[in-house]
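Novice: Sequence:
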Amino acid sequence: YICYFVSQSPHELFYVNRSTLPCLLRCEQNYREIPESLFAMYLILRTNSCEDVTMDVRNSGANLIWQDGEFVDWEDAQTHVLSHALHYGTGIFEGVRLYETDEDPAIFRWQPHIDRLYQSARLHKMEIPYSKDELTEATVELLRRQNFTNAYIRPVVYRGYDKLGLNPTGCEVRVAIAAIPNLNYLS
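As numbered in my numbering, residues 108 to 294 make up the sequence shown, in order.
Hints are not guaranteed to be accurate.
[Stated by the list, open to error] EDC-like, lysine to aspartate or glutamate: derived pairs with alpha carbons at most 20 angstroms apart:
{"id": "1", "residue 1": "Lys-270", "residue 2": "Glu-234"}
{"id": "2", "residue 1": "Lys-232", "residue 2": "Glu-201"}
{"id": "3", "residue 1": "Lys-239", "residue 2": "Glu-279"}
{"id": "4", "residue 1": "Lys-239", "residue 2": "Glu-201"}
{"id": "5", "residue 1": "Lys-232", "residue 2": "Asp-222"}
{"id": "6", "residue 1": "Lys-232", "residue 2": "Asp-175"}
{"id": "7", "residue 1": "Lys-232", "residue 2": "Asp-269"}
{"id": "8", "residue 1": "Lys-239", "residue 2": "Asp-222"}
{"id": "9", "residue 1": "Lys-270", "residue 2": "Asp-175"}
{"id": "10", "residue 1": "Lys-239", "residue 2": "Glu-177"}
{"id": "11", "residue 1": "Lys-232", "residue 2": "Glu-279"}
{"id": "12", "residue 1": "Lys-239", "residue 2": "Asp-175"}
These are computed hints drawn from the structure, not numbers from a lab. The structure displayed is predicted, hence computed values, not measured ones.
Make the full structure from the sequences, and use the hints.
Specialist: Now the structure itself:
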């Protein structure tokens, strides 16, 4: 595995591989200062194979996905094979956990995740056609309808099927939110 990480300074680039990342993390004065993305990548890199961090989504028990403003059956959530995102990688996502607590289920750090999703969309010149509040309501309703108390939530924003070519201008921006229950992904 070879990864590149941008440091706190926009002019520094860290080259990290399997052997150097644990050393980099040990050198940190306080592990809480490690950016979440770097720590998550460390968890992936320290495993022996990709199989250790994969999710069995087909047999997860989830039956709904929120897609473009509607709740659709899991099997009916479709993306066209000629979607811009599939050919040119014009998609972004977040990975968020829902944890069971003594009171009610709680989404871990939802606001920073959703803020980062919108920031990534802005950087990719993608205007998300739903407000943060709408995506929050859709996520909570998706979890409620499926009675999930422990799940992995995956909001995805991507360029759809309108035209092909390097310039994505004119391709619709599509949004989907999936939730997979009882997942031990990166835990």
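Novice: Which numbered hints turn out to be false for this structure?
Specialist: Of the numbered hints, all hold.
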